[in-house]
Amino acid sequence: MNARTIRSTRFRDEREADWQRLAAIVEAAEKRGLSRLGFDDARDLVLLYRQATNSLSVAREISLDSAVVRYLESLCARAYLVVYAPRENLSGLLARFFSRSAPQAVRRSFVPILVAFLLMAVGALAAYLLTDEDPNWFYAFVPGDLASGRGPGASAESLRQVIEGSDYQPLGELGAFATYLFSHNTRVALFAFALGIVFCVPSVILLLYNGAMLGSFVSVHVDKGLGVDFMGWLTIHGVTELSAIAIASAGGLTLGYAMLFPGLRSRSAALRHAGRDAVKLAVVAAVMLVAAGLLEGIGRQLVTNFWARMAIGWGMGLLWLAWFTLAGRDGSPTREPAAEPV
Amino acid sequence: MALFRRKARAARRRPVGREPKRLSLTPPEGVVLHLEVAGLGSRLGAQLVDVIITTIAMFAIIFALLYADLASPTAFGAIATFLVLVFGTPYYIVSELLMNGRTPGKKLLGLRVVSKDGSGLSTHQVVVRNLTKEVEVFVPAAFLIGGGEESLWFNGFMLVWLLVVVAVPIRNKANQRIGDLIADTAVVLDPRPLLLPDVAVAADEAARERFVFTSAQLELYGAYELQVLERLLRGGEEVKDSRERQKGLARIGERIRAKIGYEERVSPPEEEPFLKSFYVAQRAFLEQKKLMGDARADKFHREDEAPAPPP
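First to last, the sequence lines map onto chains A and B.
The first sequence begins at 14 in this note's numbering and counts up one residue at a time.
The second sequence begins at 3 in this note's numbering and counts up one residue at a time.
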């Protein structure tokens, strides 16, 4: 090495081979996946990455060769993304979610879920009483396309037909499932979750409104003496579905609460913290909604017996409850949510 | 007045165009990395590519089922719905998880999702940013394409929501949409490391013996001018013989010699060796100064705007 070569050039010459090697390893890892690296490459990746970040911080101090600083910056960024990549495999992720993190999140969010159920109940009760007083309230609560002919004016016979499932289904059971997934309640759950962020207000309104619709439906059926049958018709999927809506809304309420009362954190930090549980609630709700769709599409048309409907509906409810209360209690149930990867 | 001056200076410091938005990440190693934030146009492009990919995949599966006559017409609707469901949010979540923050569309356009706090991208973050995508991107898009509904309330609400959804990433420092804000992520351009040769090595020994500069002559310029010279010397190595370049170099050499008071005359073919020698000498001088704590950002001898040390 020539004595007249300047310091930063010597610095670069000494390390360039390592940088090139790191670049090659990172390239290979990006292309073929981290798990397919050779033994030597996998061993050296982190070491070389640390050396490169080290070089970068030195180069920023001593070198005025902008090419080197810029190169090292993007090399380090690239390697950083590979070294700190999410290392999840899908099955492990799903197993952990269902066996531990989801039920734990639901247990932690017991209060907002309870509030969501109560809000729905209040809405239902109010609408029931109002519609009982004056059937015209029904039209205020239920949009026309959802009622599909079931209103105060409908005859008991036509209501019974819907309940017993003898009137429709040109598409068959699976078709009903399909239409269900894009139905009203899925949208309610989605919006109640996502819009909860606006200080809880939309979630609360949606919960009250959804409860109100339910209440006025019940009122119309009770009026025609079909209350018990309607409960059976609703129960088979309704237990799962209404719970899903409540859980999704509880997620929204959690987010909104964090916006309203962030405590000692900044609003965005509080939101991020609340988001950890809220998102799990949303995913749980999505799973439950798919299950409810299957129950509604298939179960409700095949099973028309009242007691069987009740048994399936509440049985599902019990299963969900068992999952939420019993799963994931082993090991470290009080794990700090911030440390949890899912 | 002071503001004007500062603006003028800023304009002088910045040679071309608007500075792209940059995102500073601090990995656990503690060395700050600056990544270029992805523009909204390219993100929209990546989203479109993903939509096209998923749509094609969906149709391919549906046609395959039809062709194989596997699905009865009644089951057909259910299968289609399932496909729409699977190729929605789950597609984005799974691909971003397995491909390290990239969907196929993002990969094609050279974008990727990074966690803003400098740790690795977690599953939670990926799920959050894609769950909100449903409400933030797909619902407004469906509204725009579908042309709204009957209800005036609904349309008004959707329009306001649309404005919010568009305004948030435009106003944001790192072009984060609402989902990114909740998940604490950002979309950046994939860094592409490209190592250019060192200009100082290319200067040959004989030339450096011939052109010698005193430290008084090297006192005048700073790091900024040095790097302008570096760009100049680097730009167009491949068109070495072109007359245009020789002329440009001669002009610059002329200017530099006048400024530093270099007495000797330099013949046109020697212009490039002269500039290279000057570059090496100047860089060695400035680096020495910097090492001694006298960093010069430019010829006004302002303090170097070194990046703030990490806490």
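Derived by calculation from the structure, the hints in this document are not laboratory data.
Built from N, CA and C at the ideal position, the CB exists for glycine as well.
Among the hints, erroneous ones may be present.
[Said to hold, decoys possible] Here are the simulated DSSO-like pairs of lysine-lysine, each with C-alpha atoms no more than 30 Å apart in a straight line:
#: 1; chain 1: B; residue 1: Lys249; chain 2: A; residue 2: Lys44
#: 2; chain 1: A; residue 1: Lys44; chain 2: B; residue 2: Lys23
#: 3; chain 1: A; residue 1: Lys44; chain 2: B; residue 2: Lys261
#: 4; chain 1: B; residue 1: Lys261; chain 2: B; residue 2: Lys249
[Unchecked claim] Rough simulated footprint, nothing fancy, chain A against chain B, three-plus residues with beta-carbon under 8 Å:
#: 5; region: 128-137
#: 6; region: 212-218
Going down the list of hints, with the structure as the test:
1. B:Lys249 / A:Lys44: It is violated: about 45 Å lies between the C-alpha atoms, which goes past 30 Å.
2. A:Lys44 / B:Lys23: Roughly 28 Å between the alpha carbons, so the hint for lysine 44 of chain A and lysine 23 of chain B holds.
3. A:Lys44 / B:Lys261: violated (51 Å)
4. B:Lys261 / B:Lys249: holds (18 Å)
5. 128-137: holds (count 7)
6. 212-218: It is violated, with 0 qualifying residues against the three required.
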